[in-house]
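Colleague: Based on the sequences and whatever the hints tell you, model everything.
Number of protein chains: 4
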Amino acid sequence: MTTICLKFETEQEALLKIIHEDFELLEPVVNVQYANCREVGWMSGGEYRLIQLSSPVRYMGNPEGLEGQYPLVIWENKACPIIGGREEDGMPKIFADIASERHWGEHWFTSASYECNTFLTIDLERKEELGAGEIAKMNEHSKTNVFGWRYIPNMGKGGASLSHATLYPQEAIATQVWIGEGSIKWNPLTLEQNLVQYSIISTLAQLPVIRFLPAIMMKGSSRLNVGDSRPLP
Amino acid sequence: MTTICLKFETEQEALLKIIHEDFELLEPVVNVQYANCREVGWMSGGEYRLIQLSSPVRYMGNPEGLEGQYPLVIWENKACPIIGGREEDGMPKIFADIASERHWGEHWFTSASYECNTFLTIDLERKEELGAGEIAKMNEHSKTNVFGWRYIPNMGKGGASLSHATLYPQEAIATQVWIGEGSIKWNPLTLEQNLVQYSIISTLAQLPVIRFLPAIMMKGSSRLNVGDSRPLP
Amino acid sequence: MTTICLKFETEQEALLKIIHEDFELLEPVVNVQYANCREVGWMSGGEYRLIQLSSPVRYMGNPEGLEGQYPLVIWENKACPIIGGREEDGMPKIFADIASERHWGEHWFTSASYECNTFLTIDLERKEELGAGEIAKMNEHSKTNVFGWRYIPNMGKGGASLSHATLYPQEAIATQVWIGEGSIKWNPLTLEQNLVQYSIISTLAQLPVIRFLPAIMMKGSSRLNVGDSRPLP
Amino acid sequence: MTTICLKFETEQEALLKIIHEDFELLEPVVNVQYANCREVGWMSGGEYRLIQLSSPVRYMGNPEGLEGQYPLVIWENKACPIIGGREEDGMPKIFADIASERHWGEHWFTSASYECNTFLTIDLERKEELGAGEIAKMNEHSKTNVFGWRYIPNMGKGGASLSHATLYPQEAIATQVWIGEGSIKWNPLTLEQNLVQYSIISTLAQLPVIRFLPAIMMKGSSRLNVGDSRPLP
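Residue numbers (this note's numbering), protein chains in the order written: chain A, -18 to 214; chain B, -18 to 214; chain C, -18 to 214; chain D, -18 to 214.
Worth double-checking, as some hints may not be accurate.
The list cannot tell twin chains apart, which means a pair is met if one copy fits it or any two copies do.
Unchecked claim - List time: in silico DSS-like cross-link candidates among lysine-lysine, alpha-carbon distance up to 30 Å:
| # | residue 1 | residue 2 |
| --- | --- | --- |
| 1 | Lys200 | Lys166 |
| 2 | Lys(-2) | Lys124 |
| 3 | Lys138 | Lys124 |
| 4 | Lys(-12) | Lys(-2) |
| 5 | Lys138 | Lys(-2) |
| 6 | Lys166 | Lys59 |
| 7 | Lys108 | Lys(-12) |
| 8 | Lys59 | Lys200 |
| 9 | Lys138 | Lys166 |
If you are wondering where the hints come from, they were derived from the structure by calculation, not from laboratory data.
Modeller: Printed below as a string of structure tokens:
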């Protein structure tokens, strides 16, 4: 797995509007993660790519005090992980074409598009590589609580058949890490270019970027333990 | 919408094994429908393709005595209609690459594949075109009850959060119809070529073909009235 | 075949820089043609899409005085017609992903991208449809001389093994025509996003648009008579 | 670059029919090479995949006595390297969809298809990995003469504007090598499924496989030195 992880500070009020009220925002920060997932076991070593935007939150719906990442959206370029992630784990996954990361010297970049319309571009100026000690230290905190919200609508009337918070613990082990400077650029689509995702893209594109925080590029492996995912009461 | 509709007679026992017990099989017949959907409204006139296998059934779970088609599987080549169809209507939709229908004279054909592995090929020898009177007669029976089963698993343990029959009424109006002779050919994949769909494809590929029944090719339009879909008690 | 044909007036000097000196520019105009080619014979009824930019010229390399279109570039979304068009006819064809035309009411649009990076968007506001008489009149001038330049480089040293003007007569018969207002929008890529096409895209993107001229949308058929193509002495 | 390299012995007579008479066949053997090319410089680190079939030959058209590989066909899944390879180096490149190599344990596999129709499947049972010494020994012979034939037809009449042998020296350095047992399986298409490539695929599919020879899988890097390519007199 190769990932590019950016962060930016945004306005708390704008961000709160798109986070479910059962979660408390810990910091007005958006994490943007691009991942090129290779050697995927359930694909017989196949590959897919994703771009996830998430914010750090605490779940307030029960007394566990769980902290983790709340995904605002996850674009993936293959249908199969989208279906499973939505139905089994409540992940807000939707489809986009996502280019492989490419680079020119230490300038790395990728883009996401829908029907040939680019809506998001990610850039990273890669700087120095971390040493083994620093990576070992990062790997001490390899586990992340990823939250979700499983929403299955009622049929033929309003309301939902299922609507509840979910917890999807994930683990990522880095083998190589570089620090760098990252940025994203939205190219908001018109309504008709993407009827289904228009409001998602334009809402996210309107989150103000106060400043970009330090970014990293990482090679390593990840474990999505579907068996440990659970509904949150 | 351009569709190729084949039918074959199969062994009742083999077919019953893959139809939910709440449905009564009306005939040991499998309908194979390829559709090239163009000018799709919610895609701003975009397009996607599907291949559906279904059998005629009566729903026995309530006293309505509803008759219709029970889809055994629906492959589609875009993620967006798959997600909606599964979660909102209980349709057994999964992903495949599906080629546009092509032809050589009156021999029409298409194929479905997964990661460059063809698993299903559809052929049609197109014969005479129907007259306006015959088409008008067909259009008197333009409505079909399509059944589904909405199954959303529990998280982190066995069992299901949602598991119930669904009804998804559809309507298709033909403007041009040809009769013909059709056939399908399975190329069952190995387990590792498609871990996720292996058992679906191999089960369907093993349904014996006793004989192919008359086929048709059709141009026209279709209405999927999501608002009329409902859970079946 | 469905085509969207735009035109814009540009500065003669800028345009002359990218037209071979053997051609005389007749008007400082660029024609932008998007075509969705379906029912392509040599593809067994398959389909591909193209976007061509061309200008009206007269060939001065011989005394024939031939007038026609000089293609500045032709993007196509399938490799096979690109190879044939380049090697057999000298057409400046290169690859891009090109979306199917879609629309929202009478607003039609499409885009071209490379590795998820949109570089060109085409929009058309479709107005009234032409009557049969007007279409018949258009079809009286159904033939176009398309010029090309067949350039095959020397191997392992400068210069060219082949470098000569070509003539590729084409014919397009309209069955339906709408007039409208069209426009294009460039989104020039960075060098590293498309090393191979960067200078082509940025040169064309820099052609000034003085004004857009009337546009049309057309349905009909086209004949590319490869057998009539010939080198121009 | 990750490559899977198979070999099979075939009948000399069948093979001679598809090798230009200016080349002498050294052994009645066909090499089948799948390569997943990543970090491609002129693609800014992008990727493409290819499947090449070639046989060992000596060029008899001049007194140099050059020995190397004669490619019978090269399928690639991106248009850009196809165009360059054909026009600049005389490589017999054509388009196909080519899946990434995947695996189930030590069983590695990939397929090539055209419009969802698989025509070639490659399988490798990977066995033991070679040691550093053996790899170093392999890398002593890292250079290969790849021959080609640059053929550009005349326009509008028979014959060719260019038709000559080419030499395209290549170099591949292995960093990891495994030995194994490989095989290929053809699924010949019907004429109408692939009008343009039908005779290529069916000719190659008819080459008898007398026996498969030892195969290897290799990770490493490759250098295609276009500057060293030259026409052969």
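Colleague: Name the hints, by number, that the structure is in violation of.
Modeller: Violated hint (a single one): 9; every other hint is consistent with the structure.
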